[in-house]
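Generate coordinates for the entire structure from the input sequences, incorporating the hints supplied.
Protein sequence lines correspond, in order, to chains A and B. Using the numbering used here, read the first sequence as starting at 4 and increasing by one per residue. Using the numbering used here, read the second sequence as starting at 4 and increasing by one per residue.
Treat each hint with caution, since some may be false.
Derived lysine to aspartate or glutamate pairs resembling EDC-like cross-links, with alpha carbons at most 20 Å apart [what the hints assert, rightly or not]:
1) Lys-66/B <-> Glu-8/B
2) Lys-66/B <-> Asp-257/A
3) Lys-66/B <-> Glu-8/A
4) Lys-66/B <-> Glu-18/A
Short, incomplete list of chain A residues facing chain B, as computed with Cβ under 8 Å [said to hold, decoys possible]:
5) Ser-12
6) Ala-197
7) Arg-200
Derived coverage of chain B by chain A (criterion: at least 3 residues anywhere in the stretch with Cβ under 8 Å from a Cβ of chain A; other residues may be distant) [claimed, not checked]:
8) 5 to 15
9) 61 to 70
10) 257 to 263
Just so you know, the hints here were simulated from the structure itself, not pulled from any lab data. Cβ coordinates follow ideal geometry from the N, Cα and C atoms, glycine included.
Number of protein chains: 2
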Amino acid sequence: MERIEQHASFGGRQEVWKHVSATLGCDMRFGIYLPEAALRGQHCPVLYWLSGLTCTEQNFITKAGAQAHAARHGFIVVAPDTSPRGAQVADDAAYDLGQGAGFYLNAVQAPWAAHYRMHDYIAEELPALIEASFPTTDVRGIFGHSMGGHGALVTALRCPGRYRSVSAFSPIVAPSQVPWGEKAFSAYLGADTAAWRQWDATALVATAQERLPLLVDQGAGDEFLGTQLRPELLKAACERTAHPLELRIHPGYDHSYYFIASFLADHFAHHAAGFTGR
Amino acid sequence: MERIEQHASFGGRQEVWKHVSATLGCDMRFGIYLPEAALRGQHCPVLYWLSGLTCTEQNFITKAGAQAHAARHGFIVVAPDTSPRGAQVADDAAYDLGQGAGFYLNAVQAPWAAHYRMHDYIAEELPALIEASFPTTDVRGIFGHSMGGHGALVTALRCPGRYRSVSAFSPIVAPSQVPWGEKAFSAYLGADTAAWRQWDATALVATAQERLPLLVDQGAGDEFLGTQLRPELLKAACERTAHPLELRIHPGYDHSYYFIASFLADHFAHHAAGFTGR
Numbered sequence: 004m005e006r007i008e009q010h011a012s013f014g015g016r017q018e019v020w021k022h023v024s025a026t027l028g029c030d031m032r033f034g035i036y037l038p039e040a041a042l043r044g045q046h047c048p049v050l051y052w053l054s055g056l057t058c059t060e061q062n063f064i065t066k067a068g069a070q071a072h073a074a075r076h077g078f079i080v081v082a083p084d085t086s087p088r089g090a091q092v093a094d095d096a097a098y099d100l101g102q103g104a105g106f107y108l109n110a111v112q113a114p115w116a117a118h119y120r121m122h123d124y125i126a127e128e129l130p131a132l133i134e135a136s137f138p139t140t141d142v143r144g145i146f147g148h149s150m151g152g153h154g155a156l157v158t159a160l161r162c163p164g165r166y167r168s169v170s171a172f173s174p175i176v177a178p179s180q181v182p183w184g185e186k187a188f189s190a191y192l193g194a195d196t197a198a199w200r201q202w203d204a205t206a207l208v209a210t211a212q213e214r215l216p217l218l219v220d221q222g223a224g225d226e227f228l229g230t231q232l233r234p235e236l237l238k239a240a241c242e243r244t245a246h247p248l249e250l251r252i253h254p255g256y257d258h259s260y261y262f263i264a265s266f267l268a269d270h271f272a273h274h275a276a277g278f279t280g281r
Numbered sequence: 004m005e006r007i008e009q010h011a012s013f014g015g016r017q018e019v020w021k022h023v024s025a026t027l028g029c030d031m032r033f034g035i036y037l038p039e040a041a042l043r044g045q046h047c048p049v050l051y052w053l054s055g056l057t058c059t060e061q062n063f064i065t066k067a068g069a070q071a072h073a074a075r076h077g078f079i080v081v082a083p084d085t086s087p088r089g090a091q092v093a094d095d096a097a098y099d100l101g102q103g104a105g106f107y108l109n110a111v112q113a114p115w116a117a118h119y120r121m122h123d124y125i126a127e128e129l130p131a132l133i134e135a136s137f138p139t140t141d142v143r144g145i146f147g148h149s150m151g152g153h154g155a156l157v158t159a160l161r162c163p164g165r166y167r168s169v170s171a172f173s174p175i176v177a178p179s180q181v182p183w184g185e186k187a188f189s190a191y192l193g194a195d196t197a198a199w200r201q202w203d204a205t206a207l208v209a210t211a212q213e214r215l216p217l218l219v220d221q222g223a224g225d226e227f228l229g230t231q232l233r234p235e236l237l238k239a240a241c242e243r244t245a246h247p248l249e250l251r252i253h254p255g256y257d258h259s260y261y262f263i264a265s266f267l268a269d270h271f272a273h274h275a276a277g278f279t280g281r
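This is the structure:
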């Protein structure tokens, strides 16, 4: 593991690390914000951020303004890349398949199955690495944006007990029913749509054993709202099983980091409440 | 004038506009944040941000987290590009001369004099355009980073009465005495170093008629500190004439936007105090 960036930030430090991922079979990078308490060796809870299509570990750490909130709450914040990377890793010319578009699942179809195991990376390998390398508690939260909002919801729903809190901005809530998800799931998982349900938050919430409250923020001016995101599908599924969901639709906001930054303080407060059982 | 981006942000709107600059003889872009009060037509004070070498209007608006502060204070924030641009505009292959490196002065040497009049653009044309096009008061502040910190200090010192407040992050305080400035001033202004003094904050402060308090933040871990920035030169000049300067050296901080974001709230507070006479 090699540190390739470090910047003092809000009394703590924003770092970027590179490591060899055994799960993915390639080098991976992640951003990690260490609040001042962590720099002093105090053990801190960890929030995992999953980014959207085309992103790397850089987008969130440079554009969201998250460090101010992480410093205030004393959280470590980890921002991984969005897919395996490298010349040996299968790719596609489109922005919504292959590198930069891992969809936080474990692929079973060729040529993707060899490297595309982002679920195992995010839920197993990366937390183990973080918790062995930095002063963390075992308190974890997970959140993300768009494809990463899908990833956060699915990862939390698939791993009961693993996360104290989950939230999402503009998530792809029902990938089985929208073009981005249909394309990715067909490639990564194959034609059997029954298998898709295990990677679809709207499907998973129907059988969730843990009633982790979901906070979802969505811009009403988001160009992908009606075609790719469709939060009403998650809302209906949550209502059917009385799964707790706070879905907030914000007039005028789009799909950008300007939207994320505007409401990020509320997400940190949501995770802080989950972390302390309030 | 054409709006080319708009994003809801912290209850207001981040926009990017393109216009034809008569001063510079080319198309120019600027970012403008309009707080919610401005969207309702209420007249708001305006803060001008000048960016550093290689930057465009995008760096500050995407990386600094300024919108949160602008929304809280009810300020319009304008972030122009750092030089004239375009195929007809003289350029240099180096990152520190030509396009992206206008140094906020009026060039007198060929081939630069034809377009490189960033001082007149920043101090005259742009404020006139902003004040004619958006709901502003006549209360103005100016701040910036690195080359833009130099630009903010020089612009305020050259135009007494024009700005209520000025501040800078990691400014080039004495361009006449450091490599970045020597290279740029030789090209833009020529070999007569007496002419350079009119574009050098440390020289200007010696004869300043207005005692506008200067706030300067500098990272002690900044790679350019000892060679290009040298804040001690400004400090000594201010001490000689009792010009008010608050110079803060922050251990560990570097030259990046992570540093700017960490202390930006204090700069907004400084400008708010200047705006209200507190």
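Okay, the hints, checked on the actual structure:
Restraint check for Lys-66/B and Glu-8/B: satisfied, since their Cα atoms lie roughly 16 Å apart, inside the 20 Å limit. Between Lys-66/B and Asp-257/A, the direct Cα distance comes to roughly 18 Å. Compliance with the 20 Å bound is thereby established for this hinted pair. For the suggested pair Lys-66/B and Glu-8/A, the alpha carbons sit about 16 Å apart, so the restraint of at most 20 Å is met. Among the hinted pairs, Lys-66/B with Glu-18/A is consistent with the structure: their alpha-carbon atoms are about 16 Å apart, no more than 20 Å.
For Ser-12/A, the shortest C-beta to C-beta distance to chain B is roughly 4 Å, which falls under 8 Å, so the interface hint holds. Given the 8 Å rule on beta carbons, the hint for Ala-197/A is violated: about 40 Å separates it from the nearest Cβ of chain B. Given hint, Arg-200/A at the interface with chain B, is violated; its Cβ is 34 Å from that chain's nearest Cβ, farther than 8 Å. Taking a C-beta to C-beta cut-off of 8 Å, the region 5 to 15 of chain B contributes 5 residues in contact with chain A, enough for the three needed, and the coverage statement holds.
Check result for the region 61 to 70 of chain B against chain A: holds, 4 residues qualifying (beta carbon to beta carbon below 8 Å, three or more required). Three residues within the 8 Å Cβ limit are the bar, and the region 257 to 263 of chain B against chain A gives 5, so the coverage statement holds.
In summary, the structure is inconsistent with hints 6, 7 from the numbered list given earlier, while agreeing with the others.
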